[in-house]
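Using the sequences and the accompanying hints, generate a full structural model.
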Amino acid sequence: MSVLVYTESEQGKFKKTSFEVASYAKAVADQMGTTVTAVTFNANDTSELGKYGVDKVLNINNNDLEKFNANSYASVIEQAAKKEDSKVIILSSSADSKYLAPLVAVKLDAGYASNVVEAPSNTSPFTVKRTAFTNKAFNMTSIDTDVKVIGVSKNAFGLKESSGNASSEDFSPSLPEAGVTVQSVDKATDKVTIADAEIVVSAGRGLKGPENWGMIEELADVLGAATACSKPVSDLGWRPHGEHVGQTGKPVASNLYIAIGISGAIQHLAGINASKVKVVINTDPEAPFFKAADYGVVGDAFEVVPALIEKLKAFKAQNA
Amino acid sequence: MNILVCISHVPDTTSKINFTDDNTKFDTNGVQFVINPNDEFGLTRAMWFKEKQGANVTVVNVGGPETEPTLRKALAIGADEAIRVNTEAKDGYQVAKELANVVKDGGYDLVIAGRESIDYNGGMVPGMLAGLTDANFVTNCISLEVDGTNATAIREIDGGKETVSTSLPLVIGGQKGLVEESDLRIPNMRGIMMARKKPLNVVEPSNAETETSSVKFEKPVPKGAVTLVDADNLDELVNLLHNEAKVI
Ligand SMILES: Cc1cc2nc3c(=O)[nH]c(=O)nc-3n(C[C@H](O)[C@H](O)[C@H](O)COP(=O)(O)OP(=O)(O)OC[C@H]3O[C@@H](n4cnc5c(N)ncnc54)[C@H](O)[C@@H]3O)c2cc1C
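Listed in order, the protein sequences are those of chains V and Z. Using this note's numbering, the letters of the first sequence map in sequence onto residues 6 to 325. Using this note's numbering, the letters of the second sequence map in sequence onto residues 5 to 252.
Honestly, the hints are just simulated from the structure, not real lab data. Careful, some of the hints might be misleading.
[Stated by the list, open to error] 30 Å max Cα-Cα, derived BS3-like pairs, lysine-lysine:
(1) Z:Lys165 - V:Lys18
(2) Z:Lys250 - V:Lys318
(3) V:Lys72 - Z:Lys165
(4) Z:Lys54 - Z:Lys201
(5) V:Lys296 - V:Lys316
(6) Z:Lys165 - V:Lys192
Below, the structure written as structure tokens:
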């Protein structure tokens, strides 16, 4: 019996979320008095996982698994879970993991809880805290099946280092029919994505038009941040749909969220509530966003943002 | 093409969220319920298939009689018939099982669900339904074309999008982007009148078991007041973000 964790990698390198889910798995394994096994797909160096509490790595090297495929990956995780007699399977809350988790749950006849934000409060009954109502509330959920699948929210549990070495074993699962074939991937690889970003700079209709996004991108650049927007902005075609955050858009769980010219409508706030620190820049002191923010500047974005960029550049130069 | 659209009946996006019975139940008092926004995009796409390629569109909900106005609204938007599986929706797996029975009985080629419902945000019903019915599955779907039994879809991934090809039977988890926002339909008087005559079939559940249970709800701890920084003193903001919040 061990806790099984699915680790994501890109071009052989682990994503940060892999260390976060490993950290979470270690906490669960400690509570249950067992060990952590990680499944990796075409990862170059799996030794790093030991630092986050992984005891054993099932190493898969297979060209047919080079591109993510939900059905194949779910089948591999199923086979790994059976091989390890795993009762708890842990995934992240990335788009791919959320795609996989329900398929894994069906294959293993397991109960699944997504958007989990804390280590289990109890392992018998197995109870976890998850977000509900798009971050307007939490739900304590018990998973009542023998095998359990958990999707961990991003940045909720954090990275927890522990001392350890992961042993490694090659694993060659059999692959089912893929069912879905990837034709092409269109990804801006040089940009920080909203899902992975520690900092998100977001702007709303207060920016007046797409031509004004230069300063938003510059601010994001200085901070190493991803850019995002409110719903009307993407509806108006000023920014791509993939940047729309909120209840009907992407959820954001960054460490810092900077909202510029965004009113703070309930649907927008719902999607960004999970961010740790929120800064708002708005001309209207009555904008609802000020009630949700930690820091606020009442002012015109067209003056405040360029000034802030300069201050941050100076700060960076000093702290370099 | 025989299309099934899964409709989740959820509190309107502006709803204040409260709980009763010692925080064990969602307080529906004063809450307006709507078609889950992700499902509304899917329903609209189904209407497009119906009008452009010919399709029969059925909408389905697993829930009590209180969800019927939401199903009637979907009929008024243009669905041909509705099914309500007469049981309280308790967890994603139970809902997926009940839906799987509907899919098997109705022989649907394409099942359109929403990526997630905005109440419990489980994001599990479409995937579980695909798994239970052995159908192909694409989630976070922002484009879908069907040609005979072949389908091409675009799904959003972290930081971009991916074009995939697959075949029917297919289950998708749809979201914004599947149709233009401006294509969403508001039921008109004629639609509402016609909806009254369309079949809304109530079927009894198979009483599928749940796998998870809701123990209790909690509200986030209220936040302290905002710290305002003068627009002329942005050094202070940088200082606070660095030394107090420790985020830069
Ligand atoms: C079903 C449904 C789902 C929705 N889902 C979402 C969602 O997921 N995400 C989302 O964002 N919205 C969503 N909305 C829309 C939401 O209700 C708001 O309409 C939207 O968030 C407002 O966007 P905004 O703040 O950019 O624009 P506005 O409401 O127009 O606000 C612009 C703000 O900019 C400020 N401003 C103007 N000029 C300046 C300036 N020069 N400098 C600084 N500030 C300035 C104004 O004071 C104002 O506060 C949804 C709505 C519905 C009905």
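Here's how the hints hold up against the structure:
{"no.": "1", "hint": "Z:Lys165 - V:Lys18", "verdict": "20 Å, holds"}
{"no.": "2", "hint": "Z:Lys250 - V:Lys318", "verdict": "17 Å, holds"}
{"no.": "3", "hint": "V:Lys72 - Z:Lys165", "verdict": "13 Å, holds"}
{"no.": "4", "hint": "Z:Lys54 - Z:Lys201", "verdict": "19 Å, holds"}
{"no.": "5", "hint": "V:Lys296 - V:Lys316", "verdict": "25 Å, holds"}
{"no.": "6", "hint": "Z:Lys165 - V:Lys192", "verdict": "6 Å, holds"}
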